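**Student:** So the chains spell out like this:
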Amino acid sequence: DAKTTQPNSMESNEEEPVHLPCNHSTISGTDYIHWYRQLPSQGPEYVIHGLTSNVNNRMASLAIAEDRKSSTLILHRATLRDAAVYYCILRDVAYGQNFVFGPGTRLSVLP
Amino acid sequence: KAGVTQTPRYLIKTRGQQVTLSCSPISGHRSVSWYQQTPGQGLQFLFEYFSETQRNKGNFPGRFSGRQFSNSRSEMNVSTLELGDSALYLCASSLNRVSPTTEAFFGQGTRLTVV
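From first to last, the protein sequence lines are chains D and V. Using this note's numbering, the first residue of the first sequence is number 1, and each one after it goes up by one. Using this note's numbering, the first residue of the second sequence is number 112, and each one after it goes up by one.
Rather than coming from a laboratory, the hints here were simulated on the basis of the structure. Please read these numbers as outputs of a predicted model, since none were measured by experiment. Please note: incorrect hints may appear among the correct ones.
Claimed, not checked - Negatives, chain V to chain D, calculated, CB over 12 Å:
no.: 1; residue: Val-115
no.: 2; residue: Pro-119
no.: 3; residue: Gly-127
no.: 4; residue: Glu-163
no.: 5; residue: Arg-166
no.: 6; residue: Pro-172
no.: 7; residue: Phe-175
no.: 8; residue: Ser-181
no.: 9; residue: Glu-186
no.: 10; residue: Leu-194
no.: 11; residue: Ser-197
no.: 12; residue: Leu-201
To be verified - Residues from chain V shown here face chain D by an in silico Cβ test under 8 Å; the list is partial:
no.: 13; residue: Gly-153
no.: 14; residue: Glu-193
no.: 15; residue: Ala-215
Note that the Cβ used here is the ideal one computed from N, Cα and C, for glycine as well.
Excised from the complex, chain V in its bound form (with noise of 0.2 Å):
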């Protein structure tokens, strides 16, 4: 079946503007979340979204935001875009969210480059 599909790959902005990035889960999951990663920070969590409601949320200010949609696909916004939100953006999607055994698959991600 097909992967986690992340759109675009690769993203360069200017500062100030707005992304919107997309995730498309493995179908039959219900769950996404997000994650950025940085060579100063690593990986560090976002959000997560389970049935179009958002579930939990790191420590990232109201710029970033998302959703979820009926289809469980994803898209998560950056508003007034900074250099520092120069990361590679993760997706990863899971069948449930409960379970802490269920295996979560990620997407190749979306490469933004603020300039």
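Chain D with its partners taken away, still in its complex shape (with noise of 0.2 Å):
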């Protein structure tokens, strides 16, 4: 399976804009870049995904680097509630349902 590597851990300030890198560096051509995050106490909620364009949506931004081999997500202003563990997976349809997870990032959000 393709890997991804990320930061251990980032701190941010309340409703200030968060980035959060992924490398995948042995990324496929046919590997969809999906972004989950884990609240305190709850399960894994997906986030955004994305294959080559940048997207777009009501949680968040993911930008792709054109070669591909990285990729960063963006909360456009971090709450209370974003604090969270990030994770960056790699999926292709050869993988299933079978989600491979690094350590993720946990993300601290200050008041």
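Hints are included, so try docking the two chains, each in its own frame, into the full complex.
**Tutor:** Right under this line is the structure:
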């Protein structure tokens, strides 16, 4: 399975933008980049996904490098509720529903 | 619509016992996957079921097993419990299994403590 690497932890101030990086240098042409987050005492929840182009939804934006070897999850205005562990995951049809989770990035949001 | 329901939420068992955990996926979802989460190993894939058949299995011993019923509900069983099996067990449901764009919905998990 393709692997991703993320910083162990990051800190942000409330109402400021947050950029969470992810490296996936061995990504294949058919791998989709997914982001999930896990709030305290909850199961992971879907945030966003993309293949080649940048993506936006109500929760976040996903910026994908032109060579697709890295991506950045952008939270435009962090709130206290965004404090969570963020996972960057590669998914391909060959993997089925087997998600390979790395350690993720623990985001702390300071008031 | 209702989310993924896992029961029980908390469980305490003794070494050597066996345990069965249950997962009810979102209505209409046919794929159910199970994950184990521990502080040391993080989230690890256990197995995936689709249309009552195991489609994929992670690197866990045979003590870990599962099944899926015709209504897509799934159970996982752990026999001969060990202290190291203490973990949060998460279930995820998806509409299908083959699309890499399909969103997975996770339950809140079952916290198993083995004493």
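**Student:** Does each hint fit the structure? Answer for all of them.
**Tutor:** Consistency of the hints with the structure:
no., hint, result
1, Val-115, "violated (8 Å)"
2, Pro-119, "holds (15 Å)"
3, Gly-127, "holds (28 Å)"
4, Glu-163, "holds (15 Å)"
5, Arg-166, "violated (6 Å)"
6, Pro-172, "holds (18 Å)"
7, Phe-175, "holds (15 Å)"
8, Ser-181, "holds (19 Å)"
9, Glu-186, "holds (17 Å)"
10, Leu-194, "holds (22 Å)"
11, Ser-197, "holds (16 Å)"
12, Leu-201, "violated (5 Å)"
13, Gly-153, "holds (6 Å)"
14, Glu-193, "violated (22 Å)"
15, Ala-215, "holds (6 Å)"
This entry does not satisfy hints 1, 5, 12, 14, going by the numbered hints stated previously.
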